[in-house]
Amino acid sequence: MRAVPQPAATRDPKVQATGAPAGAAVAARAIVPEWVPRAASRIGMTLLSVGLFCGLWELLWALGISDARLLPPPHVFLGNFPEQAKFFNTAQRWQVGVGLNTGPSPAMAVLITILASGARVFAGLLISATLSISIGVAIRYYVAIEKLTLPTITLLSPVSPIAWLPIAIFLFGIGDAPAIFMVVIALFFHMVLATISQIDGVNRNLINVARTMGASKFQIYTRVIIPAILPGLLVVLRLNLFGAWMVVLVAESTGVGYGLGQVIMLARNTFNPSLVFFTIALIGVLGFLSDWALRMLQKRILYWVPETAGVLRGL
Amino acid sequence: MVSRPTKPFSSRAAVVCRNVAKVWAAGTERAHEALRDIDLDVAPGEFTVLIGPSGCGKSTLLYLIAGLEPETDGEIWSFGDRVATPSPERSLIFQETSLFPWLTVWQNVSFGLSIRGVPAAERKTVARQALHRVGLAEAMDKRPDELSGGMRQRVAVARALAMRPKVLLMDEPFAALDVQTRTKMQDFLLDVWRDSGASILFVTHHIEEAIALADRVVVFTARPGRVKTIVPVDLPRPRDPFSPRSEALRRELTDILRDEVDRAFAEQEALTAPA
Chain A
1 MRAVPQPAAT RDPKVQATGA PAGAAVAARA IVPEWVPRAA SRIGMTLLSV
51 GLFCGLWELL WALGISDARL LPPPHVFLGN FPEQAKFFNT AQRWQVGVGL
101 NTGPSPAMAV LITILASGAR VFAGLLISAT LSISIGVAIR YYVAIEKLTL
151 PTITLLSPVS PIAWLPIAIF LFGIGDAPAI FMVVIALFFH MVLATISQID
201 GVNRNLINVA RTMGASKFQI YTRVIIPAIL PGLLVVLRLN LFGAWMVVLV
251 AESTGVGYGL GQVIMLARNT FNPSLVFFTI ALIGVLGFLS DWALRMLQKR
301 ILYWVPETAG VLRGL
Chain B
1 MVSRPTKPFS SRAAVVCRNV AKVWAAGTER AHEALRDIDL DVAPGEFTVL
51 IGPSGCGKST LLYLIAGLEP ETDGEIWSFG DRVATPSPER SLIFQETSLF
101 PWLTVWQNVS FGLSIRGVPA AERKTVARQA LHRVGLAEAM DKRPDELSGG
151 MRQRVAVARA LAMRPKVLLM DEPFAALDVQ TRTKMQDFLL DVWRDSGASI
201 LFVTHHIEEA IALADRVVVF TARPGRVKTI VPVDLPRPRD PFSPRSEALR
251 RELTDILRDE VDRAFAEQEA LTAPA
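Chains A and B supply the protein sequences, listed in that same order. Going left to right, the first sequence walks through residues 1 to 315 as this note's numbering numbers them. Going left to right, the second sequence walks through residues 1 to 275 as this note's numbering numbers them.
Worth flagging that the hints you see were computed from the coordinates, not collected in a lab. Among the hints, a few may not be true.
[Unchecked claim] Cut-off 30 Å, straight-line C-alpha distance, at most; resulting in silico cross-link-like pairs (BS3-like, lysine-lysine):
| id | chain 1 | residue 1 | chain 2 | residue 2 |
| --- | --- | --- | --- | --- |
| 1 | A | 147 | A | 217 |
| 2 | A | 217 | B | 124 |
| 3 | A | 217 | B | 166 |
| 4 | B | 184 | B | 166 |
| 5 | B | 142 | A | 217 |
| 6 | A | 299 | B | 124 |
| 7 | B | 166 | B | 142 |
| 8 | A | 299 | B | 142 |
The following block holds chain B by itself, in its conformation from the complex (with noise of 0.2 Å):
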């Protein structure tokens, strides 16, 4: 890099998106506007969820954030420095499994720390210790075919947490489960997160999943994707999902974000009509 330019945010927010456009395929006929003027810091050790109508550049946000992919416009802070290229600082859970099928558990688990060179004895003490936490040490020999959809889940968290990231991206881990994996999961992601002291950014489409895991909801519009309303959820933890509070929280994330579902809606219905 020729230049550094100077830190104009707080070197201690988790996450700093400043005017954050994106546009997928610039410049060509399929061109089109995922997110536009995304504004949103993100504290050390925060928990947030990002909500909004399918296809509202929520996962682009998060490929953004981890480096993935460049941004078209504006500018992304993590820590004080700009985000350029991935980093293990800012680990990213998909919602298929992601686990390498020829790895054993444990390899899995310490896959970034052999990428450096650190010797196998230290690679497997660390990849217990992750694997630990997910509550799946006794799984280190067991090859990824032969877990549940819950466990790989587990076992991509605790890749990540090998890291020791400061930032974790979730993009919709948990979608792929049944209602009562999802439930135990998001306990277990509390526990890990209350652990690890990381920021969690986290995508999700449901309601019920963003109130009980959220420090604040950041509804994004339908397509292209802006910050439409930020809302903190200021329940004591453990939450009781059936609370007047959460209840009330429900039906305002519902109003907020039915009228983006219709919007996107009435938007895919005007492109497919005949003319």
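Isolated chain A, as found in the complex (with noise of 0.2 Å):
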């Protein structure tokens, strides 16, 4: 397998010809790397979608059509950066002995709170794809496996993770351990029943070839039907990013010390609207963030699928 892929631009001459004219471009890349006209309008109209959004609330806010004290506008709730920190204190308050004013500075805690969550999720993201894959994969390889466990996952998989939080908490206490359990039961059903429909999904004539060349099971499975499938369980992983997100708050809103869903919790008692607002903008910078991630990690490791995004606009 070939380590390093070439970037897509100079594998498919088709894809360079998108956007500016084709002069342009050619003057462009003898100055600049091409790739940066591409991530700045990218990055461009990311910023107008979320302008267009804010500024229709501010509109509403300035005609005086919402409430301030409801729905606080932008400019308010990511306007005072500092008042909003410091309810993102990390310090064990509870215990005795620890002041109001200890613990870190406020930025610093934004940013410990922020690591909190995004570790539990990146935790649990990567244990249940481990295990559901792996059962996945193993349904499919042994009968008996499938007769044993699926009907099992069937039923468990339509149970909303809500009704999972107690048995987290029966097991795991509080702290960490529950949280990502949560995550890991969230995900894990959906992912199974993912992974033995891409498996069902191979195209048949690729194992029919490696058959014909006499691979074992184990080698259709190893050599085909792993790779046939890795396109598929990335964007199935994509998907679950998000569902981490979502169940990593309503885990960390029981208790779990500190994290994103520790303060919407507080700011839901404490009747504090901005403060809900300024956490929802984190936890999408951060989803955003991450499936940017993910989708970067899909280009480097599956060099071989085609970008269609493109085409089909082009229809």
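Taking the hints as your guide, dock the two standalone chains into a single complex.
Shown next, in the form of structure tokens:
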């Protein structure tokens, strides 16, 4: 397998032609690397999209239609960062002898909170992906495993993560473990079923080619089926990444020391809409960034999957 | 295998089918009979083309000979051995692209060798030779999606050749190609066939293609597929598609085939007509 994929642009001349007119593209490539204008325009469009939404919100506020006490517009809840950040204090204030003003600086506290939630999402996603992909493959590999596990997995997969919350607390008490458990359990069943459907969707011809070449069942799985399902699995992983961010908030609201869910809970209990929106904004940015990271990963390891988005839009 | 049946046929025949039948989904409501009473002998190095109305089980027969599907009844033998499982000696080439998209061209070609644990250096040499034979030596390090449809099928042929098969089974391999590419590919295939000495069983529904390629054309009946007739093509190669003998053969095959296609259509209409 080739370790370093070529940049997409050199692979497929059609991709280059999207966006700017050909002459401008040629001129631009001479000075700056080719990906710079593309990245810039993508970031610009993201900002524009968010800007439109925020602008509408601000307009409603300016016209007096929305009440700033209930729906504070972005400039209010993003404007006073220090005021918001102090609610993120990660000092263990419930312990005896810890004062109100101890702990890291507010900005530091926000960072710690974000990292804590992010680490729980990452750990949960990693554990549930490993477990569910191995079990999904094992289910198709061994009939006995399918018979023994698949009915239970199918039965449990519609159960809402909320229902697992008390079980998480019974089993793991309070802290990181129940939050990670929640992420794992919320994603596990769906990802097993998704893995199975990916395996069933593998082109029969590819499997038959391997069979005529004398491949064993094990070789067919490792050499054909696993690489063939990787692109689909990464899409499943990306979809479940958002699920993980949703679940981790529910889990954290039960008490994990600190985390974004904890802050939302605090905001709810103290009737602080600004803090709610501030945290939502943080989560949005984090989800966006982690999705971007996964997409980059996808491009890197799935070098053979063609990019179709531009083609579809050209229809 | 417990008791090995005696070899009733010449162990030199590349493929022997005796009373072969195939029923898909046997024993269920959706059971349908694809093949019935197929008797067919293919000599080593012979180019046999299977032709017939669509759905007549030509492709099914290739799958059975490849060992990918068990026959419901009858026996298939190849070079004195009963066909029970797939074997690198009988390579199947599909209509659609069946290259592994995550492997480079040379890795695709040497896939069968890597299954056997042949070291990479040797695999690369074999792949280079096989690709050279199909005229794609310079495409070694490309990936399948960088190739045209015709090139991909040539890589698929190279992949089959790398296994040194005695029988090449080809299931409408050029059906997805445009007419010009198809003609080119036919010439190319004849070259490869002469070089390799393998027997070829080639499924198509193009009468012109059958006449251009075959030593013998086996015409199938409509479903369930049976061998209706076998037409030898005794034209010298290279063949002139416009020679009087070619024209006569084309007419003969067209007439035989038309009867079967009419029957197949009548059957379908009878099935879908309101009671």
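Here is how each hint holds up against the structure:
A distance of roughly 19 Å separates the Cα atoms of residue 147 (chain A) and residue 217 (chain A); the hinted pair therefore holds under the 30 Å criterion. At roughly 25 Å between alpha-carbon atoms, residue 217 (chain A) and residue 124 (chain B) fall within 30 Å of each other, so this suggested pair holds. Of the pairs offered as hints, the one joining residue 217 (chain A) and residue 166 (chain B) holds, with about 24 Å between alpha carbons and a cut-off of 30 Å not exceeded. At roughly 24 Å between alpha-carbon atoms, residue 184 (chain B) and residue 166 (chain B) fall within 30 Å of each other, so this suggested pair holds.
Our distance criterion of 30 Å between C-alpha atoms is met by residue 142 (chain B) and residue 217 (chain A), whose separation comes to about 28 Å. Restraint check: the Cα-Cα separation between residue 299 (chain A) and residue 124 (chain B) comes to about 27 Å, which is no more than 30 Å; the hinted pair holds. Straight-line distance between C-alpha atoms of residue 166 (chain B) and residue 142 (chain B) comes to about 28 Å, which keeps the hinted pair within the 30 Å bound. About 18 Å separates the Cα atoms of residue 299 (chain A) and residue 142 (chain B), which keeps this hinted pair within 30 Å; it holds.
No hint from the list above goes unmet by this structure.
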